[in-house]
Amino acid sequence: MNPAVAIIGFAQAPCRPSAGTTSGVETLVPLFHQALSAARLDRREVDFWCSGSSDYLAGRAFSFVSAIDAIGAYPPICESHVEMDAAWAFYEAYVKILAGEAETALVYGFGKSSAGLLRRVLALQLDPYVAAPLWPDSVSVAALQARLAIDAGLVTEEAMAEVAARSQADASTNPYAQVSGQLTVDDLVATPYVADPLRAHDCAPVSDGAAALVLAAGERARRHREQPAWISGVAHRVDPQGLGERDLTTVPSATAAAEAVSLPADLDVAELHAPFTHQELLLRTALGLGDRVRINPSGGALCGNPMFSAGLARIGAAAEQVMSGQARRAAGHATSGPALQQNLICLLEARS
Amino acid sequence: MRRAAVLGTGQTQHQTRRTDVSMAGLCREAIDRALADAGVDWPQIDAVVLGKAPDLFEGVMMPELFLADALGAAGRPLLRVHTAGSVGGATGVVATSLVRAGVHQRVLAVAFEKQSESNAMWALSIQPPFTAPIGAGAGGYFAPHVRAYIRRSNAPEHVGAMVAVKDRRNGALNPNAHLRQPEITLESVQASPMLWDPIRYDETCPSSDGACAMVIGDQAAAEASERPVAWIRATAMRTEPTYFAGKDHVNPRAGAEAAQALWQAAGITDPLAEVDVAEIYVPFSWFEPMWLENLGFAEAGHGWKLTESGETQIGGRLPVNPSGGVLCSNPIGASGMLRFAEAARQVMGRAGEHQVAGAKTALGHAYGGGSQFFSMWVVSDTAGR
Amino acid sequence: MDTASAPPLAAPLDIAFDYTRSLGPVLGRFMTGLRDRRVLGARTADGRVHVPPLEYDPATHAPVTELVPVPPTGTVTSWTWTDQPLDGQPLDRPFGWALIRLDGADTALLHAVDAGTRESMRTGMRVRIRWAAERSGHIRDIACFEPDPGPPRASGSATGGDPATASDLDTSGDPDTSNGAGTSGDLSTSGELVTGITTPIRLSYTHTTSAEESRYLHALSEGRLLGQRCPACRKVYVPPRVCPADGVPTEEEVPVHDHGTVTTFCVVNVPFAGQRLDPPYVVAQVLLDGADIPIPHLILGAAGEVRMGMRVAAVWRDPATWSTTPENIAHFRPTGEPDAPYESYQEHL
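Protein chains in written order, with my numbering: chain A, 35 to 386; chain B, 811 to 1195; chain C, 296 to 644.
It is possible that some hints are incorrect.
Stated by the list, open to error - Simulated DEER-style distance windows between Cβ atoms: (1) B:A1193 to C:P495: 15 to 23 Å; (2) C:L381 to B:A1030: 50 to 58 Å; (3) B:A1030 to C:D382: 51 to 59 Å; (4) C:G419 to B:R812: 29 to 37 Å; (5) A:Q360 to B:A1083: 30 to 38 Å; (6) B:G1077 to C:P495: 34 to 42 Å; (7) A:D76 to B:T1192: 37 to 45 Å; (8) C:E638 to B:G1162: 48 to 56 Å.
For the record, the hints were derived by calculation from the structure and aren't laboratory data. Virtual Cβ for every residue (Gly too), placed ideally from N, Cα, C.
Please work from the sequences and hints to get the whole structure.
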């Protein structure tokens, strides 16, 4: 009864320590053009636009409103916005198409993470009564999770460094990555802690950036793209926030989302949104990904983490693997909130 | 397309400061009432969609994250919508799509604003560098457009005051309303201070703490309901930029096109004849006649005549805002959902003292930003064609 | 100056507000307890004790009603170390962040540990609350935790709130009893219930303009107004920007006159938070000659006379004070020319 839905275009801005305007408009204009060109679609043919961003990145109420200027939204358009990573805007657009309320959609996420002190700004995501007034920064919060995982024997500092080394090596062929390099685990574990047990290589850089992705239903997708990345499932869940309330070494929301899309263990590729090395390791377990699965060939969020578009970019990177014929089945994952609180999984496949 | 219906609604007691509750408590007051109204228990809720206006109002970045557990969202899908003042409506539309897509059977939609945590005018007046310091405040943004409407339509000056009198008296019938003023008169409104000329004090919305919630279900859930439901006949959303050359601030094209799409999808050809009651987002009194035109209830330039002739009162041809509307209660993020929920209550026959007799088809409407984001729905007491 | 090659401008944007949070029954009692140097946990239907408290039972969704006291001592379940504290954090010298399970609680509280050195921190370490000297009913009434030299206790089991643990409440040796308020062993609440807290939020951002906006600002610093003609719709925008109707960037920049027509306006009589001018004042939409979109600005020198269609001109500040800001134009004044006909600006309302 529901139409098949596919990703038919993706574009991203290079991740940079500081780039673009606070409004994002100038970054988005060429991005829309690239994503639509890849999908061979005119902007007037987009039935539904949906974006993800946060007012607290720009320090202004309604900061997403001016980004609409980049669309050229006159005559008026069908449009919506989530105050979340744009991966959830992708979900809203996907549902719109499933419901038959749109046939095509463009989803975008943007944010100038460098405008404020990001790890301090993110303290405002914590409980405003008992946690945020202490201003625990996001890196320290992640470190508390990493320590629990180490103490539980689930990860080691060496295994975390291996994730960083692999990611940075993979990122050296990704022109959109912010950091890359050939590193050894021995060298990495010899570097000082930034927030014990996390070292610099364990933490994603602060990145400015944006991403845009084009979706279409059934026939429309086939017409516009030789090899669309067909969506065989999208699911997301949220866990309670309390950092001392839940078991931070497991990710029940990711596990439940994976079960909801029947995520197979033998994917070709998984693009995981893990802003910290230990989080990739926890996610692999939570998602039940086997050793054969190629993780983050793009280098992942560890090599470029533009807030509010990095999750969408994981889905886009997974889709590109399918659209280019490099993978038959790929998954994109997005996370939101402190210590992997909220998680989304999108399963993509090639169909002949 | 699959059908969806409102199974139940709930809202808080709205007031300037709800110092007796936390943010979770405020939301739960509305949610618990909606679940009870729908006759639905927690295990039956498949997903939660939360709508709220700027995070700077509460000083919490993405508050749905810390609220997840209290909202009953833990372990479930949770979406956070933000489309400026239209967000309460947009939240209802997103929840409806989730049901219509067949993804979920019952979705809990929640919208709230706890404006007393800060000061909305402060949050909206933050001026970025390199701009001229000529802030005029929320009313100051809209007052010039009201002036333009009056000039364009030649509406008599007292029409704005008439809307204020009607809505505040309607609000007196609504136990949840923030402002309840049964004694208000045309003279008292016209004697109230001129804040943003031509907008007077009594013609402006209050700043409220409040929340609203709705349970939206699929056809099976609606048919299983022991109480009347509000069938969602159509939804529509449209957006245009804040400013562009040739923008019509009085009769924005995005609103007009949303309405056209809405009526068409609902199979309504003559809205004034076919709609029994309308809950329209009217934060300043003059927006009633402006939106009556924008929505197609009246020809351009003639909306004020419906108001002036009393047709928008309870008992008139098209009662507008029998709940008292935004002029009586304005928790910004929830205001749009309150319009949607009040429309549903009318066709479910559960609007209490402000029930419009025999209401079968109702409009819920919200707008936001610089008259640029529009969301609306039509609900009926029957599923329709 | 060659404005075409001017780099994008950036400037600080600081936001600050003291948020006032109402607490409701559970958090209100919790904060009242902190003020009185007592920690209360929330007991859920399964018997578990949650510190910090939950307002709603995660399993039953029912409001939590039972609060039970727990001692001010506990065990670190996880930790990290901060060498350079950030603004607003509990300590201004290096400290540890920790998840701390208070004795008798089943969940952990996030707070700071004043351990002196990283080497003193470890999972399983015993800590106790150091109370703030001044307490108002706020999470910061706990100044921080400090290493507890006392003997280790059995930890973890759901014994919190058991009447037996009330006797474990710390009543002696607390270094901070200087103000003579009731000791932490005093189970009665001294004073009124805390119903709200104040949380200052101060954030600093760097606001960055686009290249077009920067060129506009540089032109302003030379007393010129710059617009852009959209290559698609040919409309002239001031300031220059991506055309919001067509979504295409600026190509052609055009000078715009500093005279114009009031399309519509309002008189601001009301003071409001964040306001930068004293009311009353007139804010008008001014359609500059040569532009296709009005800009908002002040009209002075025409008290009570401002009307739709009025012709106005920019009043520039002293050129010696000009910089890259729209504030170089102080306001607009009436020119005395005949009013523009309604038809000439009705498309701009």
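Quick rundown of the hints versus the structure:
no. : hint                          : result
1   : B:A1193 to C:P495: 15 to 23 Å : 53 Å, violated
2   : C:L381 to B:A1030: 50 to 58 Å : 52 Å, holds
3   : B:A1030 to C:D382: 51 to 59 Å : 54 Å, holds
4   : C:G419 to B:R812: 29 to 37 Å  : 55 Å, violated
5   : A:Q360 to B:A1083: 30 to 38 Å : 59 Å, violated
6   : B:G1077 to C:P495: 34 to 42 Å : 54 Å, violated
7   : A:D76 to B:T1192: 37 to 45 Å  : 40 Å, holds
8   : C:E638 to B:G1162: 48 to 56 Å : 50 Å, holds
Hints 1, 4, 5, 6, counting from the list given before, are not met by this structure.
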